[in-house]
Amino acid sequence: MARYLLRRTAILIGSLFLAAVVLFVLLRLLPGDPANALLPVGATPDQIEAARRELGTDASLPAQFLAWLRDVATLDLGKSLISTLPVGPEITARLPVTVPLTLAAFVLAVLVAVPVGALAAARADRWYGPVINAVAQLGIAVPAFWVGLLLITVFALRLQVLPAGGFPPDGWADPGAAVEALILPVVTVALVMSASLIRYVRAATLDVLGADYLRTARALGASPAQAMWRHGLRNAAVPVISVLAMELATTFLGAVVVESVFALPGLGGLLVRGISQHDYPVVQGVMLVSTATVLVVGFLGDLAQRLVDPRLRHRGAS
Amino acid sequence: MRLRTETYTVRRLTIRVLAAVTALGLAGALAACGGGDDDSTAGGGETAIVQVGSVYEPQNLDNTAGGGQGVTEALNGNVYEGLFRLTDTGAVEPLLAKDQKVSDDGLTYTFTLQPNVKFHSGKALTSADVKASIERVTAENSKSARKSNLEVIKEISTPDDATVVVKLKTRSISFVYNLSYIWVVNADAKDLTTTADGTGPYRLGEWKRGSTLSLTKFDGYWGAPAKNAGVVFHYFTDATALNNALLTNAVDVVTSEQSPDALAQFANNAAYKVNDGKGTTKLLLAFNDKVAPFDKVEVRQAVSAAIDDKKLLSSIWGEYGTPIGSMVPPSDPWYEDLTSVNAYDVAAAKAKLTAAGFPNGFAFTLDTPSYDPHPTAATFIKSELAKIGVTVTINTITADEWYTKVYQKRDFQATMQEHVNDRDVVWYGDPDFYWGYSNAQVTKWIDEAEQAKTADEQTALLKQANRKIAEDAASDWLYLYPQIVVASSKLSGYPVNGLNAQFFTYGIVKS
Numbered sequence: 001m002a003r004y005l006l007r008r009t010a011i012l013i014g015s016l017f018l019a020a021v022v023l024f025v026l027l028r029l030l031p032g033d034p035a036n037a038l039l040p041v042g043a044t045p046d047q048i049e050a051a052r053r054e055l056g057t058d059a060s061l062p063a064q065f066l067a068w069l070r071d072v073a074t075l076d077l078g079k080s081l082i083s084t085l086p087v088g089p090e091i092t093a094r095l096p097v098t099v100p101l102t103l104a105a106f107v108l109a110v111l112v113a114v115p116v117g118a119l120a121a122a123r124a125d126r127w128y129g130p131v132i133n134a135v136a137q138l139g140i141a142v143p144a145f146w147v148g149l150l151l152i153t154v155f156a157l158r159l160q161v162l163p164a165g166g167f168p169p170d171g172w173a174d175p176g177a178a179v180e181a182l183i184l185p186v187v188t189v190a191l192v193m194s195a196s197l198i199r200y201v202r203a204a205t206l207d208v209l210g211a212d213y214l215r216t217a218r219a220l221g222a223s224p225a226q227a228m229w230r231h232g233l234r235n236a237a238v239p240v241i242s243v244l245a246m247e248l249a250t251t252f253l254g255a256v257v258v259e260s261v262f263a264l265p266g267l268g269g270l271l272v273r274g275i276s277q278h279d280y281p282v283v284q285g286v287m288l289v290s291t292a293t294v295l296v297v298g299f300l301g302d303l304a305q306r307l308v309d310p311r312l313r314h315r316g317a318s
Numbered sequence: 001m002r003l004r005t006e007t008y009t010v011r012r013l014t015i016r017v018l019a020a021v022t023a024l025g026l027a028g029a030l031a032a033c034g035g036g037d038d039d040s041t042a043g044g045g046e047t048a049i050v051q052v053g054s055v056y057e058p059q060n061l062d063n064t065a066g067g068g069q070g071v072t073e074a075l076n077g078n079v080y081e082g083l084f085r086l087t088d089t090g091a092v093e094p095l096l097a098k099d100q101k102v103s104d105d106g107l108t109y110t111f112t113l114q115p116n117v118k119f120h121s122g123k124a125l126t127s128a129d130v131k132a133s134i135e136r137v138t139a140e141n142s143k144s145a146r147k148s149n150l151e152v153i154k155e156i157s158t159p160d161d162a163t164v165v166v167k168l169k170t171r172s173i174s175f176v177y178n179l180s181y182i183w184v185v186n187a188d189a190k191d192l193t194t195t196a197d198g199t200g201p202y203r204l205g206e207w208k209r210g211s212t213l214s215l216t217k218f219d220g221y222w223g224a225p226a227k228n229a230g231v232v233f234h235y236f237t238d239a240t241a242l243n244n245a246l247l248t249n250a251v252d253v254v255t256s257e258q259s260p261d262a263l264a265q266f267a268n269n270a271a272y273k274v275n276d277g278k279g280t281t282k283l284l285l286a287f288n289d290k291v292a293p294f295d296k297v298e299v300r301q302a303v304s305a306a307i308d309d310k311k312l313l314s315s316i317w318g319e320y321g322t323p324i325g326s327m328v329p330p331s332d333p334w335y336e337d338l339t340s341v342n343a344y345d346v347a348a349a350k351a352k353l354t355a356a357g358f359p360n361g362f363a364f365t366l367d368t369p370s371y372d373p374h375p376t377a378a379t380f381i382k383s384e385l386a387k388i389g390v391t392v393t394i395n396t397i398t399a400d401e402w403y404t405k406v407y408q409k410r411d412f413q414a415t416m417q418e419h420v421n422d423r424d425v426v427w428y429g430d431p432d433f434y435w436g437y438s439n440a441q442v443t444k445w446i447d448e449a450e451q452a453k454t455a456d457e458q459t460a461l462l463k464q465a466n467r468k469i470a471e472d473a474a475s476d477w478l479y480l481y482p483q484i485v486v487a488s489s490k491l492s493g494y495p496v497n498g499l500n501a502q503f504f505t506y507g508i509v510k511s
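One line per chain: the protein sequences are A and B, in this order.
So for the first sequence, this note's numbering puts the first residue at 1; every next one is plus one.
So for the second sequence, this note's numbering puts the first residue at 1; every next one is plus one.
Calculated from the structure, these hints are not laboratory results.
Backbone N, C-alpha and C fix where the C-beta goes; we use that ideal spot for every residue, glycine too.
Mixed in with the good hints there might be a few duds.
[What the hints assert, rightly or not] In silico SDA-like cross-links for lysine to any residue, where the CA-CA straight-line distance does not exceed 25 Å:
(1) B:Lys463 to B:Glu93
(2) B:Lys169 to B:Val92
(3) B:Lys405 to A:Leu55
(4) B:Lys147 to A:Leu85
(5) B:Lys290 to A:Pro45
(6) A:Lys79 to B:Arg209
[As the list claims (entries may be wrong)] Looking from chain B toward chain A, a few residues come up when the C-beta cut is under 8 Å (computed):
(7) Gly66
(8) Lys208
(9) Arg209
(10) Ser211
(11) Ser214
(12) Phe236
(13) Thr237
(14) Asp238
(15) Ala241
(16) Ala245
(17) Ala250
(18) Gly318
[To be verified] From chain A, some residues computed to sit far from chain B (all C-beta separations above 10 Å):
(19) Ala211
(20) Ala249
(21) Val296
Build out the structure end to end from the sequences listed, making use of the hints.
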């Protein structure tokens, strides 16, 4: 396990570096120059050159990359080209919205999907088995923004029980309002996320139900529930964990549309604005933070899989 | 981008895209919904906090460092004041300048400051602050759009604490108007990108980036105090989310409605008032007047006459907006209704085309910014011009490409663009501007207008110039955007014209 941990950590760091390179190069391939965005109408070539010098975009690409990497290593994500404000605080200011939204939606989705998916598999012969399956299928087909708009129409506009969007000016200092503001977005993301999770859980459970070791456990005297609980769940969890890790990671940034529908000041909004304004430091910062999150979550997912399944542990050590 | 003489923002792009997507989902679903009575802020009148909804969040809080349109909206006149103020009706009136004297040659302006003016930090206003504030705008690293307007300044002196003397290189009748954009800031203030220290009726509360910006009534204000206890600007990237906020009373007023489809739900509801103000944003079909075939006046006239502007306007904005015959909007003092010049007339357009030597028409490429309303308008123009045998190839470009290809390199035949500002007809006097209109007489009129001794003289000259560019079809001015403020009917005293994106909140009363 220790060797595996070491190797996996090395891979994590390597991927982070690669991701940084790809991010940097891709952004520079975009047409246009951020200096344009900074200057008023009627700017002279001299002013444009001056702006380039100020932004550092007059240096060679490798030089720009090294400078950026050096700053990132010291946790300095640079300053926004447009607002001239430091990017780091800009990102951390968005986290109190994006992180609770993602985690709450994730937990809710798991709480819904695991029992429902397991039930759909265990009771595939009853009427609700196929119904759950069909509803989940439908859930995958429905776009998140549509679910969000529907919830707004019903709960905010008609019933007027929850806010239609926005986040309280006082943030979490006003916990009641903050929680209220996040209810509909969390439900939206959780609904969409659980739809696909239910299908994974169901498939994994079905696999396990037909497995030899369950039959053996039953032969050794365990009740169906005991056999499922002690042996089935653990085995079914292995493929589900890797899907969960992916889902958590995609939701972290995939909430862009939902954040926009609910007017939430999250990371997604910052990213969209950064891209449309050619604000390289902002885009790089947000993407770096989210890429790192995805990689770290993937890393933790892999570790969790090995903790759950000793067979993987041994394979990893060889 | 919209072409304004401020640093530009492409924010509208995302807003429009998201608005289109979400409008599809919401169409019809909202019709039956209205405002309830549960008001989030307790009390009315002078203790009320006004909740303002906007799509223009500031980039930062400094209007000389690329703060953008949002910073003007939130802080101009509210937190910061100038020597003069451009009112919502377009008049220029004294503000921090109590009194002004102009020398006979028009080159020396002497301003006396209002007494007892204090900055929010407590420091008293002196002439040194005014001098420093003007110099902030003209400084080397200033990103202010007003910089070039102020090149006319020769020197600024401060004979005593209450007097500022500005000497100009040449006469400049717009000088006082231009001063209305210059914030008087505390010369000792350190960081103005995230904090503020002005003399206005509100002090800056807190700016939660991506979300809200709050202003609190300033008790030490020198003038008439604000009629409410404070204001919170709520920022949205999605027009539908903004409208929902208004429908659920999360905001009391929307400073500028961008989506015409959403207006019906407010127009037919007694709980809201839809204000159709005077806009200054013009949608232009801008020809490159320097290249063929648009270097021929008849060709430009023919194209202008072949497009039914009224039909285009109503297809985009319904009953809102105004047809416009030239660059000058009705709120400028030199406005004149020129819609009859090169008016819609297909037969006349064909005749002009034949006279220009194109009896069988021609083909050209129209560089079209990728965001609303340009693609819609371009398609309309294409079908209109097909009727006179002119073939249009629509080339869709991003805002950034527009800036590089069209604005900087002049590599285009014709393009479309929104021109936002008031008093911007003067660009037709600059033969080096992107549209390449070059008429020595017009340039002379516009130069003389700036040197004019009286406003009447200036108005007369600019009217002449405006008429000439209309006759020459220097560009085709498709229509004037509406400026729509939607507010709860409990609100009164808010500005409706949004001139240059200002939104004075001190007069707003919430009952």
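Against which earlier hints does the structure fall short, listed by number upward?
18
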